[in-house]
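A.B. asks: Work out the full structure, taking the sequences as your base and the hints as a guide.
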Amino acid sequence: MKFFTIAFKDLKVRLSDKKGFISLLLMPIILTAILGSALSGMFADTVSMPHTELGIVLHDQNEITDQFVEEVLQGDILSESITLKKFSSQSDLKIDIENQTVDLGLVIPKGWGEGLQNGEEKDVMVFTDPSKQLQSSIVESITMSFIDRIASISTATQVFSQELAMIAPVTDQEINVREIVGDVSNQLVAVADSEMNVVTAEEDGKTPISGMQYYAAAMGAMFVLFNATIGAKSIIQERNIETLARLMSSPVRLNSIIIGKFLGTFYVSFLQFSVFILATHYLLGVGWGSNLFQTLVIGLSYCIAVSGIAMIIAGLIVEEKTADTVGGIGVQIFALLGGSMIPIGAFPEKLQLVANIAPNKWFLDSLLEVMNGTTWGALVLPITVLLLIGVASLMIGSLRLRVR
Amino acid sequence: MMLEVKHLMKSYGKRQIVKDVSFTINKGESFGLLGPNGAGKSTLISTICGLISYDQGEVYVNNQSIKKFPLVIKQKIGIVPQEIALYPTMSAKDNLMFWGKMYGLKGAKASKRVNEVLEFVDLKDRAKDRIETFSGGMKRRINIGAALMHEPEILIMDEPTVGIDPQSRNHILETVKKLNESGKTIIYTSHYMEEVEYLCDRIGIIDNGEVIALGTQKELCNRLAGGSVVHLDVENKTEQGIDSINEIKNVKHIVSKQNETKLEIYVNEAHETMGEIVTTAVNHGIKVLAVEVQEPNLESLFLQLTGRTLRD
Ligand SMILES: Nc1ncnc2c1ncn2[C@@H]1O[C@H](COP(=O)(O)OP(=O)(O)OP(=O)(O)O)[C@@H](O)[C@H]1O
Ligand SMILES: [Mg+2]
Numbered sequence: 006m007k008f009f010t011i012a013f014k015d016l017k018v019r020l021s022d023k024k025g026f027i028s029l030l031l032m033p034i035i036l037t038a039i040l041g042s043a044l045s046g047m048f049a050d051t052v053s054m055p056h057t058e059l060g061i062v063l064h065d066q067n068e069i070t071d072q073f074v075e076e077v078l079q080g081d082i083l084s085e086s087i088t089l090k091k092f093s094s095q096s097d098l099k100i101d102i103e104n105q106t107v108d109l110g111l112v113i114p115k116g117w118g119e120g121l122q123n124g125e126e127k128d129v130m131v132f133t134d135p136s137k138q139l140q141s142s143i144v145e146s147i148t149m150s151f152i153d154r155i156a157s158i159s160t161a162t163q164v165f166s167q168e169l170a171m172i173a174p175v176t177d178q179e180i181n182v183r184e185i186v187g188d189v190s191n192q193l194v195a196v197a198d199s200e201m202n203v204v205t206a207e208e209d210g211k212t213p214i215s216g217m218q219y220y221a222a223a224m225g226a227m228f229v230l231f232n233a234t235i236g237a238k239s240i241i242q243e244r245n246i247e248t249l250a251r252l253m254s255s256p257v258r259l260n261s262i263i264i265g266k267f268l269g270t271f272y273v274s275f276l277q278f279s280v281f282i283l284a285t286h287y288l289l290g291v292g293w294g295s296n297l298f299q300t301l302v303i304g305l306s307y308c309i310a311v312s313g314i315a316m317i318i319a320g321l322i323v324e325e326k327t328a329d330t331v332g333g334i335g336v337q338i339f340a341l342l343g344g345s346m347i348p349i350g351a352f353p354e355k356l357q358l359v360a361n362i363a364p365n366k367w368f369l370d371s372l373l374e375v376m377n378g379t380t381w382g383a384l385v386l387p388i389t390v391l392l393l394i395g396v397a398s399l400m401i402g403s404l405r406l407r408v409r
Numbered sequence: 003m004m005l006e007v008k009h010l011m012k013s014y015g016k017r018q019i020v021k022d023v024s025f026t027i028n029k030g031e032s033f034g035l036l037g038p039n040g041a042g043k044s045t046l047i048s049t050i051c052g053l054i055s056y057d058q059g060e061v062y063v064n065n066q067s068i069k070k071f072p073l074v075i076k077q078k079i080g081i082v083p084q085e086i087a088l089y090p091t092m093s094a095k096d097n098l099m100f101w102g103k104m105y106g107l108k109g110a111k112a113s114k115r116v117n118e119v120l121e122f123v124d125l126k127d128r129a130k131d132r133i134e135t136f137s138g139g140m141k142r143r144i145n146i147g148a149a150l151m152h153e154p155e156i157l158i159m160d161e162p163t164v165g166i167d168p169q170s171r172n173h174i175l176e177t178v179k180k181l182n183e184s185g186k187t188i189i190y191t192s193h194y195m196e197e198v199e200y201l202c203d204r205i206g207i208i209d210n211g212e213v214i215a216l217g218t219q220k221e222l223c224n225r226l227a228g229g230s231v232v233h234l235d236v237e238n239k240t241e242q243g244i245d246s247i248n249e250i251k252n253v254k255h256i257v258s259k260q261n262e263t264k265l266e267i268y269v270n271e272a273h274e275t276m277g278e279i280v281t282t283a284v285n286h287g288i289k290v291l292a293v294e295v296q297e298p299n300l301e302s303l304f305l306q307l308t309g310r311t312l313r314d
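If you're matching them up, the sequences are chains U and Z in order.
Counting in the numbering used here, the first sequence runs from 6 upward without gaps.
Counting in the numbering used here, the second sequence runs from 3 upward without gaps.
Source of the hints: derived by calculation from the structure; they are not laboratory data.
Keep in mind that a hint or two might mislead.
[Claimed, not checked] Only part of the chain Z face toward chain U is listed, based on derived beta-carbon distances under 8 Å: (1) Cys-51; (2) Leu-53; (3) Phe-71; (4) Lys-76; (5) Gln-77; (6) Pro-83; (7) Glu-85; (8) Ala-87; (9) Tyr-89; (10) Thr-91; (11) Met-92; (12) Lys-103; (13) Leu-107.
Glycine included, each C-beta is placed from N, C-alpha and C at the ideal position.
C.D. replies: Set out below in structure tokens:
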């Protein structure tokens, strides 16, 4: 059973890079905390409000400001209760409020959106007729919570990426942490701007999944996926430092070496997955559902899929740098496609169909199902798909590696 | 017969890297493969130890073909690769343990071997340190140690002293000598003539994928015609004088560059002929300032066979 020795050695090598491994463990946990708290239940407790004529003066031109106006104030949820009327100046707005043709007014100052992104807040002015106190406080709280969301995400990701850059200097073992955090945070801001973060409540009367739960599953899916690149790199590295040649001149069958490398990625992925489940549960109170066994089996299948993909990447790519780039981009595309950035329900139907090629989509979906409570029967399909991806890519990958 | 290589051929694409190589190595012998960069030493060794396949020919270890019994034969061979093929972030001990296990060692036996090997390569005090913290020479020693874990019958070493300081180099040479004296069969490749001369009973000189000379050091040097070189530092070189020296018995060839005060005289039996050379020179009005005799060695043999030096 020399492949166990090889796999265990890989786990050891991976753990010997403490900073890299810990940062890869911490990153999804921290991101879950940020996203889960910042983006969850934003509109969930919106009270029904009487129809409101809202006047607005925009001194600012910025994506974030646009998002606020178009997608928060005029988004699906509020568009029925709010009619928006734009004014070019504060005095025009005031006149209309006094005439009671407008219930309340918002003045967005210049540089507001950009300020939010950079962590400096500019006051929004709210004018109101004293009789419209209720509407006024609702709009105020919506605005405040939008401000909080953007601000907390941009500051948190800034601090976070600085911290990570400090604790995880990019060793050649490692994926480029700083770059990933940068990209992730860009996407997060995009997520925050959109209204997609309203996590879908289940129609069938089951408990809706909280934002924290959703993002825990999503981040878990995304970060375990990184092991596909890391595992592939470990093979490429062994080829470069010629330990692979040494292995091949020792009395170990090629199959054992291949299975050992596959298993090595699997060990690391599964360890990461387990630690993540435990940490998010105990630190962030994420409920992973009542059937831990289901979660475990899904996790196992996903890790098998990820380890298989590592073998394909290693079979196709020769240079470590290429693996880094391809892997980094690949993970991002898959993460986006598989719902780790934005709930997939928001995609056009065709894209949802394409998303089926992403193993993390199957993984994420089934984790969410388990959180909600589901039967084994419902999990057969995703588990089969994940296992098939794993086995097929292991076979393709090892064929390629054999040729080398 | 421990190892037998018969008409071995290997090419990459259209390029022939190993061209019809044959030799045998006896049990307990230490065999040197001497050749310049790119001669095909590593490729030849890789085919012998079953790492890469070969196109034609055969390799036998103890009369078993490596094609038919790859695992049996790999178990008998310990290979020290040219590169440091170790896991840099693992400790010396863990590396040795891992490679031991790859050769089937287990449990207490494996631990015992780790200690013995660490002792042997003199790195016991660094056992728990990561390989990446080691000096070049220390890495090389563990690289050798990893090949010794399973006590192979044949030890194949591919330039184990490349790029290290003289002290570590001597340490390694001593180690190899000890191993050979303890009965191990050794194949040692190098492009350092002195190493091969010091360590090896028999030597194969390889160039462009071909073994161009094979034998004991003595046999090889005897093959050299005009193997010794007498270097003269002179003043007043004359054509006539040089011609006269050239006519002396045993003198094969003279190199005399214009505007230089040196003469290189290729001779057999340098010491017997030296006196006559100097007398002849002086008689022709050439002033001899210094005389130096260079005995025949593998370097000069290589030069004679290929017209090039081993290292440029
Ligand atoms: N995988 C390969 N594909 C194509 N050509 C190769 C390959 N491996 C080696 N060669 C070529 O074979 C020739 C011999 O290489 P080899 O490494 O065996 O030489 P060497 O004698 O070990 O040299 P050195 O002293 O530099 O280690 C070189 O010209 C090299 O470019
Ligand atoms: Mg070589």
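A.B. asks: Tell me, which hint numbers fail for this structure?
C.D. replies: 3, 13
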